[in-house]
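J.: Heads up: the protein sequence lines correspond to chains A and B, in order. Note that UniProt numbering has the first sequence beginning at 1, numbered continuously upward. Note that UniProt numbering has the second sequence beginning at 1, numbered continuously upward.
Any given hint could turn out to be false.
Pairs involving identical chains hold if they fit within one copy or between any two copies, as the list cannot separate such chains.
To be verified - List of simulated lysine-lysine pairs, DSSO-like, C-alpha gap at most 27 Å:
#, residue 1, residue 2
1, K48, K76
2, K48, K19
3, K19, K76
4, K33, K76
5, K76, K25
Derived by calculation from the structure, the hints in this document are not laboratory data.
Number of protein chains: 2
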Amino acid sequence: MSEMRWDPLKNIWVAVADKRGRGPKDFFLERQKLTTTACPFCYGQESKTPAEIFALRPDGSLPNQPGWRVRVVPNKYPMLGIEGELGQRGEGLYDAMNGIGAHEVIIETPDHDRSTADLSTTELADVLHAVQTRLIDLRRDQRFSCILPFKSHGVEAGATIPHAYLQILALPIIPPEVRATLVSSQSYFARKERCLLCDILAQEITDGRRIVRNDGEFLAFAPYASRRPFEIMIAPQRHSHDFAQLDHSGLARLAETLGDLLRRQRQVLRDPAYNFVLYSAPLPHRRPGKPHYWSSLAYDYHWHIELAPHLARPIGLEWGTGFYCNPTAPEEAAAFLRDAPLNLPS
Amino acid sequence: MSEMRWDPLKNIWVAVADKRGRGPKDFFLERQKLTTTACPFCYGQESKTPAEIFALRPDGSLPNQPGWRVRVVPNKYPMLGIEGELGQRGEGLYDAMNGIGAHEVIIETPDHDRSTADLSTTELADVLHAVQTRLIDLRRDQRFSCILPFKSHGVEAGATIPHAYLQILALPIIPPEVRATLVSSQSYFARKERCLLCDILAQEITDGRRIVRNDGEFLAFAPYASRRPFEIMIAPQRHSHDFAQLDHSGLARLAETLGDLLRRQRQVLRDPAYNFVLYSAPLPHRRPGKPHYWSSLAYDYHWHIELAPHLARPIGLEWGTGFYCNPTAPEEAAAFLRDAPLNLPS
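Same shape as in the complex, but just chain A (with noise of 0.2 Å):
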């Protein structure tokens, strides 16, 4: 049977198995496999791309040709175009504004049979700067309220093609489970002085019963009212609002954990498809013409990533609803977790 709990951060009640509910192997599925002929994220094919935006490569070699580590390419098949005004609008009782956003494509390694979870701390560190460099830059663009970098691992998650890669998608909008999160961030701000997320930080390691990873610097737990078998948050223990922030050390050590969870999750449920996405300060107050960009940044949101695989079957309520009934305990999911035999390089 369940509990009913309730996540302070995004407002919702989740019903969630209590006692010993179903463990990794109830989740060991047949996945889907993707396959490429000539793929266009491995070195030689960088014609394939659209030009590059952003590179990390060795001093002096070219722009679009072997030699980088990490490449950023805008999205050959956009969800969002980067040209044009946002044209708001009504329609009768509806809105419209154009379809403006960037949506890019971070190559995380030129190795084509390497996943994230095969990436080294420094490799991971790499693709992480990209992420930061390309947020800074895209929120300068006053069109955007909400940069959000994510990854799909397998067919079940997303991916489209095989070769390891993140995408960053920035949008003219703030989705709606961001916008509840940074609400009850700044209802609980403005009543208490204090970061919701950080206090939820203190209550975890306080409990402990949900920890998987602590070293002191980033916390990985199973959250509380979890939604998803085995979802992990993995969120900076020293309140920042934005990630752009974090230096070249708290890089490394984001990579250590981000990594250590990703291996950990492929370890104990059979390289699963998954999602992560990096939640940093939306920019809720973004009005055309305003100078200074940092002004909008929400200070009171606390930056952080969600991790989750796609393990269980829907139960066909949750879209339409947002009601979702988790068959894992994050208490045993937590241990799972702590648990796996790790043998693998960091």
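Given chain A, work out where chain B should sit, using these hints.
T.: Frame of chain A; chain B shown alone:
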């Protein structure tokens, strides 16, 4: 490319293809098949389910025996348990209550090989009558705030047994998207003294481009800000907050529209996996001991059905953000469904 569109009911922005996007042929996917041995929903297998709560069966026939036309039983593996108190409590920053609810199964037909789309109008009206009966009974229970009848057809939509069945889930909370629609409806009514969905229906009828079927009583249309390709809303044109108040002839008219839409969807999209959910007035003001349950129904709500097939791959960002990118313009989806050549019995 896309257009950003705002849905005034759910208060969300969606990216929607703004010209010829993906059509039915882009969605002809290989689908997983369900099989059973000794189906628990067939005649003669009644002892394999928990004892029946309600059935439509000939006068004088015995419960839990063959002869029924529609049969309602508790779910053998319920997500929430019917016994006990809510036991609401805080856990530091979090909140919890016991996983109290009802989880029932409505077996739509004794015939193992017929899907909902195969049912006659009379048969489908019987199913909807059973839904009404259970809705009225379940909301007498002061512990429940939202009662959601829903359908899962196909593995990808969450079905676990191939025999046609609906489920009904009574929850002690109001899920976030139901609450968003309730809040939008209440705030619109408070300002305008009019129902939001009534006004949406009027605008859709004037516009016409998104209508699939209009019999003068029910309108079936592709919502302006559809999150999924080929998403459909069915709503009564005369304002009503409460599906349970639909009379006998109304049920028959609804069965006609719903059956017609399911057959159009099956024909155009080649029997896709799908869900529909019936949204009737939630019960936001329940308090233990309140004597008369009618007083807690939300009158500003307008009941409706949301139907959507499972077609598009995820982009990897929906879960966690609530941001959707719909590759098919609702105007296109409506045209495909409207023009479906139907030569099936209704």
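J.: Now tell me if each hint is right for this structure.
T.: Okay, the hints, checked on the actual structure:
For the identical chains of this complex, K48 and K76 are intra-copy neighbours only, at 9 Å inside a copy versus 53 Å across copies, given an alpha-carbon limit of 27 Å. Taking the closest pair of Cα atoms, K48 and K19 come within 27 Å of each other only across two copies (26 Å); inside a single copy the shortest separation is 51 Å, beyond that limit. Proximity of K19 to K76 under the C-alpha cut-off of 27 Å is restricted to the inter-copy arrangement: shortest distance 18 Å between copies versus 46 Å within a copy. Proximity of K33 and K76 under a CA criterion of 27 Å is satisfied intra-copy only: 22 Å inside one chain copy versus 34 Å between copies.
Taking the shortest Cα distances, K76 and K25 sit within 27 Å of each other only across copies (22 Å), while inside one copy they are farther apart (38 Å).
Hint check: no violations occur; every hint is consistent with the structure.
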